[in-house]
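Enquirer: Protein chains in written order, with this note's numbering: chain A, 1 to 152; chain B, 1 to 649.
Quick caveat, the hints were computed from the structure, so don't treat them as lab data.
Hints should not be assumed to be uniformly reliable.
As the list claims (entries may be wrong) - The calculated lysine-lysine pairs, modelled on DSS-like cross-linking and capped at a C-alpha distance of 27 Å, are:
no., chain 1, residue 1, chain 2, residue 2
1, B, K414, A, K14
2, A, K66, A, K142
3, B, K524, B, K267
4, A, K49, A, K149
5, B, K415, A, K14
6, A, K71, B, K536
7, B, K543, B, K524
8, B, K423, B, K382
9, A, K6, B, K414
10, B, K578, A, K141
Bear in mind that the values here come from a model prediction, so they are computed numbers and not experimental data.
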Amino acid sequence: MIKLTKTSKKRIVKICIFFFAFSSFSALLIYAFSKNSVYFYTPTQIINKEAPVEKYIRIGGMVKKKSFKRKDNSLKVSFIIHDLDKSISVNYEGILPDLFAEGQGVVMTGRLINFNTFVADEVLAKHDENYMPPEVADMMKKKEDLKEKNDK
Amino acid sequence: MINEIGNIFLSISATLSLCMFAVIFFKKSLATNIRFTFCKYFSISISILITLSFLILAYAFLTDDFSLRYVANNSNIDLENVYKFSAVWGAHEGSILLWVLVMSIWCSLIILLSKNMPKTIIIDMISVMGLLLLFFLVFILFSSNPFDRVFPVPLNGRDLNPLLQDPGLIIHPPMLYIGYVGTSVPFVFAISVLINGSIKLEWIAWLRKWVIASWMFLTIGISLGSWWAYHELGWGGWWFWDPVENASFMPWLAITALLHSLIVSEKRGIFINWSILLSILTFSLSLLGTFLVRSGILVSVHAFANDPERGLYILLFLTLIIGSSLTLYFLKSNILIFHKQYSVSSKEFALLLNNLFLTITTFAILLGTLYPLISSSLDLGKISVGAPYFNFIFSALMLPIVFLMSPAIYSSWKKTNYKSLTKKLVFVLFYSLILTYIILNIFFETDVFVVFLAMFLAIFTIFSSLLKIYQVSKTNKGMIIKKILNIPSSSFSNLFSHIGIGILIIGITISNYYSVQKEIIMQKNSEIIIKNISIKFVGVQNKLSKNYSSQVGIFDAYSDNNYFVSFFPEKRTYNIQKNIMTEAAIDSSLFRDIYVALGENVSEDSWVVRIYYKPYIQFLWYGVGLMILGGLFGIFGRRKIEKKLANAI
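If we strip away everything but chain B, and leave its shape as in the complex, we get (with noise of 0.2 Å):
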């Protein structure tokens, strides 16, 4: 009975979505009041019958109640009740309800929080969020609904595939959805703004925050992937360009560009017309994502559900809004066009290379994703386009835009005096020069270029970004701390990311060259040796957990003949799927990871065991961790301005 609710909760919505999107066509008829006060009950009423089916569903898997089909395919009596909730998003039905529900809510919140923005750009921008949300309503509602009943309903559930069983995965969808269902914002202020034919730079500054938002869940959400990839996959990796990963990655790039070109057009009203085609495109390449984890046409490490039908109606969908977004705006874009001059050592030339290099990286990864399926479809031959491949391209391009980040920093609006500017790099550039050259030859005794220049990028912008966070504060008055208190959180923002930036480098690049890894066959009471630690292996016992079995091998770890940790990396065996999991045991400390996992059993006492020693891979979320605090700065720092912004209206 509950569950015929949520589908009939589902279905008032889509008719609600309906409403709301054809508010558009009333622009003459009705008063803008009226308009606007219907799209804010329009939106919130289906915010709340969303998020409400959405519970009914999180109830049925939390009963057990199997007789949907949904939950009798990913959920199980003996599941522990965080994944019994999580796994309501674990399949393509309840990840996709995950995804209307964000919406709905992203989209009442821009109505709550509107009160700067003039009424017929909100009301546009939610009467074409309607149509988007109905679109996947249509969808849920006619090709993939969770409450489809199954009939005989089955005693016990199919269980959620092992993989998923993982703290990393219960917050890692939302999270990521989150993120991509953000870059609608844009998207939708694009749409409305090119219907309306007028923009603003205060409405500018107000869409910063959303896309700051959007990219920081999205930040959020890669990385949580990446750190679940790390512990569960056993391979000791956290990035692999799978096509799945590279689907998040392209709209993150595509948004990162956005948020550098929208400062710009808020700064110096230029590049308006770039920043609307990059929001189109952003949400563009948020939906080719979902298309290609959800259509499963993709080869992939992430099997998710295989069903080409649900493939072509995201498919369809995709051509509709990438089409007549694109046509819309070349249709109407010439009206947004500011001229003002700038010069090349100007700030808003080493945003224009930013984007420029970042939009390009975009493409090459796009390519490298694609076109295996373009080659399979026109018969040239079965190709995979490898991890090699990105490698290489992503670094080659991804030097130079970190490379631009300080002088970017040292240089001003319209025109920056050249003298200072060089004698500013020159100073750094040679003082970081020297510190990456001790560094490397203290700790490393490395002579390889690659990680010379890598290193050299990545100190050479944190220094950068340390030292105008001095200048800044020098200007201030008074104490110390007042000092540093009256940075104003704009430049926080951009230098805590900036920073964030270079320690994620310096992660990749020491982990990546100086792990070392070991692959042997270990007896029970043999001692293996990995950069002065010494790994015992005690032996291996058995484990009963509610849903698997497991084999829990035990390590003693000494460094100088002392004892100092022990590793329990387990080899379970899932009860229902009968899937084998690894799960690696991990110790963590500032500078370096030790990381074990068991392989197979290869005679009675000896085992396949993986053992690697990875420098500096904390490094990656500290590093993640300073950008997501810029993002806030950025987010909540900017309210001071507005305030004096509005006053002065």
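If we strip away everything but chain A, and leave its shape as in the complex, we get (with noise of 0.2 Å):
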């Protein structure tokens, strides 16, 4: 048996309380990370069957002219977004942002219900007019880019 001092003994209980502290907190971070860190997708992924159905996502693009619903008097509205070249559908019940308009970009969090149809939680205010959601102004100047592509 090896005799510990009474120093190394103290240290040996501070390293384990160190350890322990650090693995409690490591893993309260990653579970907390697991559970709560949402991707975003594109309308073209999401007919492309790339996201996942009934999971917490977020996603963006251009609200259709013309393709916006209100359900009789209610707060229950639809309308359609696109990436300019996929579209799909989107339902929410609630108030939606001041700058809501069709035409505009717009970012949402919520559930895909099939690969066709999108239900939002919540729809996310911007600014002001000439600002586009950054995810929705990348996606759309790619998109663009691979159309000129396709022209020449």
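Mind docking these for me? Both chains are given alone in their own frames, and the hints should help you get the complex.
Expert: The structure is reproduced here in structure tokens:
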């Protein structure tokens, strides 16, 4: 048997406490992360079945003109979003942000019920009319570049 | 012409900052007094010059000088004068100018209020400050100059972002910036101490005042931002864990940790190394915050200017500052270690845990804020980390911190008598539990565990703080009033801030869990009942203002059939930018807010309406008020003690 001095015993206890604290913190962090990180998908990805159904995700796109419908004077609304290529329909119940309009960019969180329909829990408000959500801007730019290439 | 003068002033200040930085290299060839005088005049002239150029820019705004691109983009003839003035810091260029203005003033204040400090330390602090100023001034002059011209000169400006046309936004940015920039004081102190290789406890006492001041301004700034969001965004929320909010919250957590570790360093001469490291980290987080806000690389509701080039400059600066100061720290910090014993039951240990948890919390928030960036730049998919992550991790890590407050209050330095500590704690714990149980059962009929836990912690903290005040005052002699007046201001400072935290927690918990929220379509003359209050929708009127037109809803509120107040929520359309803005109408009283916001017009007479009943939300602002009061005691109450110290030396 190795005899431990008082200081080394103390040190071992300290190290144990430190490891315990560190591992419980990491576990907490990983748990919180895995539960709450939300992936972003484009309509094209959804139509191509790259997005999971019935999972909490973010989607974005442009609101298609003349697609906005309100169900007989209630808070239930539906509209179509597109990324110049594919489009999917969105259902939402609640108040829309001030700057929501047809032809504008929009980002939402919610679930897919199938590969054509998205049920939004939250439609994100943006601050000014010139502003495009970065995710949508990025996505639209890629699509436009692709189109230009095809035209050539 | 006058604008060119503003530009020239900025260039001169940049040159002077360079000279101020250069002073650090003349340690051997120039006498300390001469270097000190140099630093003094440099920093004061820089402050004056930057103030003047700031005023010139303000003058350009007030006189509608649209030949300046910055004015043309952010102002308008019809804008109210108050907002013309606040538009100076309404966008990128001006807010960086405000940043250097505040920094130069902090810099002058350091040198003017440094009587009891050794001059060598102050000189090095000021010189490093000169380098920081130089970086920002160069940044202004070359990539974001507010005095840039535009040609042809537009007849009218593009107006200030309507969202910023709110009283809360007039003082929110300056307060926040004073706090942000204030974190540079401990930073330059740390650098100076590392360069000089020595530290004394009196210096830490001096530094602590500056840290409290900057903590206070940061607190005011952040809470004003919350208050503004609550009033202006029309969602009834006051905190969204938006990256930009996190950017201001991380330095706050770090500086709160610093505040506590400095107490230990000052009183016991330990944790000095850690305090120095924390000073560097706090300022780095402030800079990181500026980078995140100004570069526009984050997905945020705060859609400010997006300019990658500017972001790159700040990022380079950030890496340089963090990299060099950390290198310096690792090379030199071993000189500063003091060895002293303390036991697990001591105040030192409680404050160590406080620092540990605050740092971990900061790290967790940093991770959640930056992870989406990292993942999208590494092509791991576009991820967003939402409010649930932050809520979960923040409350999980805050529980132990708040719980530790009371033991920390009752324990003493070095080693506490276990028996008396546990006796006191068990007593307070027992009564707080009973009190919480009674309050929750009478007023809220609840059995939600989280609510019970949070309320218990809040009451525990408040109760033990109050009891401590009573105990401290009991040892003083004389009448009751004299007893209270003789309480040392340091305990007042600590107790007020902790009671503030308790009240804040009550406000957050109750308003979160017991808010009643209705989102409905209301027809003209219809009524809705929310928490015994019936609210009648009278109608909507049009109103024309100078720079916007609005639709004003009229709602009358009745309690037991007695009319008591009317609400006038607005939906504004701003003339120039064509933005639609929701102005909520709020009726506040001590224990509740009623919040009415107007949504879309569905058909002729029916509107979407959002009504909230938010109990105890006012406690948020009271809590913050108490925390700031605590800060004031911390700064101004300490003069007496320092005088005594100075006399003794």
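Enquirer: Tell me if the straight-line CA distance from K6/A to K414/B falls inside 27 Å.
Expert: 20 Å, holds
Enquirer: Assess, step by step, whether the Cα of K415/B is no farther than 27 Å from the Cα of K14/A, and give holds or violated.
Expert: 18 Å, holds
Enquirer: For the pair supplied as a hint, K423/B and K382/B, confirm whether the alpha-carbon distance does not exceed 27 Å.
Expert: 54 Å, violated
Enquirer: What's the verdict on K543/B and K524/B, does the C-alpha distance respect the 27 Å limit or exceed it?
Expert: 18 Å, holds
Enquirer: For the pair supplied as a hint, K71/A and K536/B, confirm whether the alpha-carbon distance does not exceed 27 Å.
Expert: 25 Å, holds
Enquirer: Would you check the hint for K49/A and K149/A, treating anything up to 27 Å between C-alpha atoms as holding?
Expert: 25 Å, holds
Enquirer: Does the structure keep K524/B and K267/B at a Cα separation of 27 Å or less?
Expert: 66 Å, violated
Enquirer: If you draw a straight line from the CA of K578/B to the CA of K141/A, is it 27 Å or shorter?
Expert: With Cα atoms ~25 Å apart, K578/B and K141/A stay inside 27 Å; holds.
Enquirer: Has the given pair, K414/B with K14/A, been kept, meaning a C-alpha gap of at most 27 Å?
Expert: 18 Å, holds
Enquirer: Regarding the pair K66/A and K142/A, is the alpha-carbon distance no greater than 27 Å?
Expert: Given pair K66/A, K142/A holds - Cα atoms ~25 Å apart, limit 27 Å.
Checked against the numbered hints given earlier, this structure breaks hints 3, 8; the rest are met.
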